[in-house]
Amino acid sequence: MSAADATILLVDDHSVVREGYRSVLQKQPGLRVVAEAADGAEAYRLFKSEAPDLVIMDLSMPGIGGIEAVRRIRQWDKAARILVFTMHENAGFAVQAIRAGARGYVTKTSPPETLVRAVMDVLAGKIAISPDIDHELALSRESSAADVLTPREFEVLRLLLAENTTEEIAETLHVSPKTVANLHSLIKDKLGVGSDIELVRLALRQGLLTQADLGEARSLRPDNA
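Counting in UniProt numbering, the sequence shown runs from 1 upward without gaps.
Wrong hints could be hidden among the right ones.
Unchecked claim - With a straight-line Cα cutoff of 30 angstroms, these simulated DSSO-like cross-link-like pairs (lysine-lysine) come out:
#1 Lys48 <-> Lys126
#2 Lys78 <-> Lys108
#3 Lys188 <-> Lys178
#4 Lys78 <-> Lys190
#5 Lys27 <-> Lys48
#6 Lys188 <-> Lys126
#7 Lys190 <-> Lys178
#8 Lys27 <-> Lys126
#9 Lys108 <-> Lys27
#10 Lys108 <-> Lys126
#11 Lys48 <-> Lys78
#12 Lys48 <-> Lys108
To be verified - Now the in silico label distances, taken between C-beta atoms and shown as ranges:
#13 Lys178 <-> Gly30: 45 to 51 angstroms
#14 His14 <-> Glu50: 16 to 22 angstroms
#15 Thr114 <-> Ala181: 38 to 44 angstroms
#16 Glu163 <-> Thr114: 16 to 22 angstroms
#17 Val148 <-> Gln28: 34 to 40 angstroms
For the record, the hints were derived by calculation from the structure and aren't laboratory data.
Just so you know, even glycine gets a beta-carbon here, dropped at the ideal spot from N, CA and C.
Using the sequences and the hints, build the whole thing.
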């Protein structure tokens, strides 16, 4: 490996996934994976210690999600280059990721060459969006949660939809329960819903949540363990 290789931090909660795209990336001349993280908090710590040239970030992970991790990293280093690589094909997630500071968004259904091209583009200072998401963004006309919520509010919404309690969200985001409660109320006001049931229905309708997500969240609750 050359000393001039671009260094990469991979962030995904599945080790098999990290292994797969580490293999793809390290076949490319000039790229070197120097660290891996399984969640957003670990990604933030490793970014500060390793100072990689690029972060490749998943969105759905335990604890703080990818969008919140992007926001924290960009707060720490305004020049950080972050490429989101995720299963979420919803334009709303792409809007929030870019708003939080990501420089690119590629779906995991994209062919390997799309990921490699996006990596090179982001390293070169360009914005990179995979064609499927670019198409979704062009088609998206309905005002969605992504259009009206800040990245922090969107992260609270994600944790609420995953059936985390106010106290759990406060601990994850390192804020007070009162702050979470205030954000919860603000989110409902911004989205024009009066209850959490309506909030779930809106998320399902806009593709921010699936019935499978609901089932997974319930299975992870302590009383179902």
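The hints, checked one at a time:
Between the alpha carbons of Lys48 and Lys126 the distance comes to roughly 23 angstroms, so the proposed pair stays at or under 30 angstroms and holds. Our distance criterion of 30 angstroms between C-alpha atoms is met by Lys78 and Lys108, whose separation comes to about 26 angstroms. A hinted pair counts as satisfied when its Cα atoms are at most 30 angstroms apart, and Lys188 with Lys178 qualifies at roughly 16 angstroms. Under the criterion of a C-alpha separation no larger than 30 angstroms, the hint pairing Lys78 with Lys190 is consistent with the structure, at around 28 angstroms.
Taking the CA atoms of Lys27 and Lys48, the gap is about 26 angstroms. The hint holds against a cut of 30 angstroms. Among the hinted pairs, Lys188 with Lys126 is inconsistent with the structure: their alpha-carbon atoms are about 35 angstroms apart, more than 30 angstroms. A hinted pair counts as satisfied when its Cα atoms are at most 30 angstroms apart, and Lys190 with Lys178 qualifies at roughly 18 angstroms. For the proposed pair Lys27 and Lys126, the alpha carbon gap of about 22 angstroms is at most 30 angstroms, so the pair holds.
As the CA atoms of Lys108 and Lys27 are separated by approximately 18 angstroms, the hinted pair is consistent with the 30 angstroms bound. Of the supplied pair hints, the one linking Lys108 and Lys126 holds, its CA atoms being roughly 20 angstroms apart against a limit of 30 angstroms. Restraint check for Lys48 and Lys78: satisfied, since their Cα atoms lie roughly 13 angstroms apart, inside the 30 angstroms limit. Among the hinted pairs, Lys48 with Lys108 is consistent with the structure: their alpha-carbon atoms are about 26 angstroms apart, no more than 30 angstroms.
One distance hint, 45 to 51 angstroms for the beta-carbon pair Lys178 and Gly30, holds here, with the actual separation near 49 angstroms. His14 and Glu50 have their C-beta atoms about 21 angstroms apart, which keeps the hinted 16 to 22 angstroms range intact. The beta-carbon spacing between Thr114 and Ala181, approximately 41 angstroms, falls within the hinted interval of 38 to 44 angstroms. Separation of Glu163 from Thr114 is about 34 angstroms and departs from the stated range, judged on CB atoms against 16 to 22 angstroms.
Restraint check, Val148 to Gln28: a C-beta distance of roughly 39 angstroms satisfies the suggested window 34 to 40 angstroms.
Checked against the numbered hints listed earlier, the structure breaks hints 6, 16; every other hint is satisfied.
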